[in-house]
Amino acid sequence: MARFVARRLFSLIFVLFSITFLTFLVGYLAPGDPIQAMMGSRRDPKIYARLQHEYGLDRPFTEQYAAYISGVLQGDLGKSYRFAGRPVWDLIKTGAPVSAELGLTALGISLLVGVPVGMLAAIRADGLFDRLSTVGMLLIYSVPGFVIAGVLQIMQVIAYQNKLPSLPTSGWGRPEHWVLPVLVLAAATTGYLATLTRSSMLEVLGQDYVRTARAKGASQARVMFHHALRNALIPIVTVLGPSVAFVVVGSFAVENVFRVPGIGFVAVQAIGTRDYPVIQSVTLILAAAVVVMNLITDMAYTVLDPRIRTR
Amino acid sequence: MRRLKKNPVAFAALIVLAAMCVFAVLGPWLHRVDPALQDVDNLRAFPSALHPLGTDDRGRDTLARLMIGLRVSLLVAVAVEAFNVVVGAGLGLAAGYFGGAVDFVVSRLADMLFAFPGILLAILISAVFGSSIGTLGDGAGRLLLVSGSLALVGWPLMARYVRGQTLALRERPWIDGSRALGASDVAILLRHILPNLGNLVIVSATLDVAGVVVSEATLGLLGLSAQPPQTSLGKMIVEAFGYITLNWTQVFWPSLALSVLVLAVSFLGDGLREKV
Numbered sequence: 026m027a028r029f030v031a032r033r034l035f036s037l038i039f040v041l042f043s044i045t046f047l048t049f050l051v052g053y054l055a056p057g058d059p060i061q062a063m064m065g066s067r068r069d070p071k072i073y074a075r076l077q078h079e080y081g082l083d084r085p086f087t088e089q090y091a092a093y094i095s096g097v098l099q100g101d102l103g104k105s106y107r108f109a110g111r112p113v114w115d116l117i118k119t120g121a122p123v124s125a126e127l128g129l130t131a132l133g134i135s136l137l138v139g140v141p142v143g144m145l146a147a148i149r150a151d152g153l154f155d156r157l158s159t160v161g162m163l164l165i166y167s168v169p170g171f172v173i174a175g176v177l178q179i180m181q182v183i184a185y186q187n188k189l190p191s192l193p194t195s196g197w198g199r200p201e202h203w204v205l206p207v208l209v210l211a212a213a214t215t216g217y218l219a220t221l222t223r224s225s226m227l228e229v230l231g232q233d234y235v236r237t238a239r240a241k242g243a244s245q246a247r248v249m250f251h252h253a254l255r256n257a258l259i260p261i262v263t264v265l266g267p268s269v270a271f272v273v274v275g276s277f278a279v280e281n282v283f284r285v286p287g288i289g290f291v292a293v294q295a296i297g298t299r300d301y302p303v304i305q306s307v308t309l310i311l312a313a314a315v316v317v318m319n320l321i322t323d324m325a326y327t328v329l330d331p332r333i334r335t336r
Numbered sequence: 002m003r004r005l006k007k008n009p010v011a012f013a014a015l016i017v018l019a020a021m022c023v024f025a026v027l028g029p030w031l032h033r034v035d036p037a038l039q040d041v042d043n044l045r046a047f048p049s050a051l052h053p054l055g056t057d058d059r060g061r062d063t064l065a066r067l068m069i070g071l072r073v074s075l076l077v078a079v080a081v082e083a084f085n086v087v088v089g090a091g092l093g094l095a096a097g098y099f100g101g102a103v104d105f106v107v108s109r110l111a112d113m114l115f116a117f118p119g120i121l122l123a124i125l126i127s128a129v130f131g132s133s134i135g136t137l138g139d140g141a142g143r144l145l146l147v148s149g150s151l152a153l154v155g156w157p158l159m160a161r162y163v164r165g166q167t168l169a170l171r172e173r174p175w176i177d178g179s180r181a182l183g184a185s186d187v188a189i190l191l192r193h194i195l196p197n198l199g200n201l202v203i204v205s206a207t208l209d210v211a212g213v214v215v216s217e218a219t220l221g222l223l224g225l226s227a228q229p230p231q232t233s234l235g236k237m238i239v240e241a242f243g244y245i246t247l248n249w250t251q252v253f254w255p256s257l258a259l260s261v262l263v264l265a266v267s268f269l270g271d272g273l274r275e276k277v
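Chains as they are written, first to last, in my numbering: chain H, 26 to 336; chain G, 2 to 277.
Don't take every hint at face value.
Stated by the list, open to error - Okay, the calculated bits of chain G under chain H, using three or more residues with CB under 8 Å as the criterion:
id, region
1, 109 to 119
2, 124 to 132
3, 219 to 226
4, 252 to 263
Stated by the list, open to error - Beta-carbon label-pair distances, calculated as ranges:
id, chain 1, residue 1, chain 2, residue 2, range
5, G, Val26, H, Asp151, 36 to 42 Å
6, H, Ile72, G, Phe47, 53 to 59 Å
7, H, Val160, G, Asp112, 35 to 41 Å
Think of the hints as simulated: they come from the structure by calculation, not from any bench. Heads up, the beta-carbon is just placed ideally off N, CA and C, and yes, glycines get one too.
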């Protein structure tokens, strides 16, 4: 167990190094002169040098990287180029909880829907429910989220035009604003989890111990929940990490389509104004969120499946 | 091809895909409307004889724009997969066959890029370099940047597949046999290993196309793919969201085109995988 944790921690350090190094490298190689852009049309070498020093841009690559890392570790993500002198964190701190809540709600819903759908499909493989849900889940998994967003919005518009109850297509603040973004964000993950649960359940249901449980007279419910599901859940737990990645990348599109003031929305506005430190930081935060989730997943996996620990 | 005919779904997907390529490549010769022309008398128009799929909020013909948007999707997909096959498979082959330092460098590089979830790194790169590389050569630079950033996050997967397969192939008795007969590394790679990797590479490249098409559309949605007068399906969709209450069909057409393309590629890839 100790060796396992040590190996995981080592690979975590490597991954975090990769993420910070690559985001930093991209920012370092970024074209244009941010200091001159900040000063506008003014030309004053003194102010230029002072600003350059203040932002640490007069130091060599390795020193800049070291400063960046130590800053990040202390929660300092650097300063915005667009809003001179304002810390990046100021710009994203209101968006971060919004994105996190939205993402976690979506993830929760996809678990609550995806796993039971996959289970029901596996109980009667090739039955009507199985066939319908397999096609449905494949659709919501492979069609991109913003297309599903489009379909849902078109439905709202048509409902609204026909004086039927409808949901707001954009905006934030009231509870009904949550419905569409959460549905869209949850769609791909739900399809993914349902497909995986189905195949995982089918595999487990073919095992000897399930047959034994049935032979000794266990009820269908007991076989399903006690014997099959607990084993079938193991591969599902392992994909929770990648599922977070789905949600994270999806949030960029969803937040912008529905005008949800999360960090994906902030990032896209920063793209428009070429505020690199903000884009860099959002990338870093989202990647780190996925990494941490992967780690938690791995730990949970070891707890659930004792066979891993002995390896 | 022959094997595909036995799988009706995959065969149908192939036909749909071919039709979409023809539509994107030859369409502009049949439907001779300038996709950048703004017909200010027909803003956000519903379908008519003049504009078969209507117009967007600047009066630009949606059918014509769909064709050039689809072209961008297909061009990016082909460019990214070409890179994946040449660089990704090439590096995977080298890492698997030679092992040692080559393997270490290639694998760590791939691990490093894998650290980023999905297309986050591609978003970052195309956002930061959009103003320099992206403005080169009349739209070509932008396509190169989009393809390049997607290829950069895409090749490690191909390299990993090919490396694994090469490792397994390297230990086969007939490889030992030809080495005993004095065959050089190059000869073994070309005669014995490459032909056995063909299927794997084709299938994984096809399966990957769906993801690349969606990624390109996502970049387009964020305003990072093709710029005016070109367009991207993702960009068309997000622009049409702005006036969805006035004309929802403009969200519908590019969404439909994108979904059909993605589903066709996925079904074709699945069909190829099953038959291999």
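Structure-based check of each hint:
With 7 residues bearing a CB less than 8 Å from a CB of chain H, the region 109 to 119 of chain G meets the requirement of three and the coverage assertion stands. Three residues within the 8 Å Cβ limit are the bar, and the region 124 to 132 of chain G against chain H gives 8, so the coverage statement holds. Coverage of the region 219 to 226 of chain G by chain H holds [criterion: at least 3 residues with CB-CB distance below 8 Å; count 5]. A stretch counts as covered by a chain when three or more of its residues have a beta carbon under 8 Å from one of that chain; for the region 252 to 263 of chain G and chain H the count is 6, and the coverage holds.
The supplied range of 36 to 42 Å is met by valine 26 (chain G) and aspartate 151 (chain H), whose beta-carbon atoms lie about 41 Å from each other. A hinted range of 53 to 59 Å for the beta carbons of isoleucine 72 (chain H) and phenylalanine 47 (chain G) is consistent with their spacing of about 56 Å. Taking 35 to 41 Å as the suggested C-beta distance range, the pair valine 160 (chain H) and aspartate 112 (chain G) conforms, at roughly 36 Å.
In this structure, every one of the numbered hints holds.
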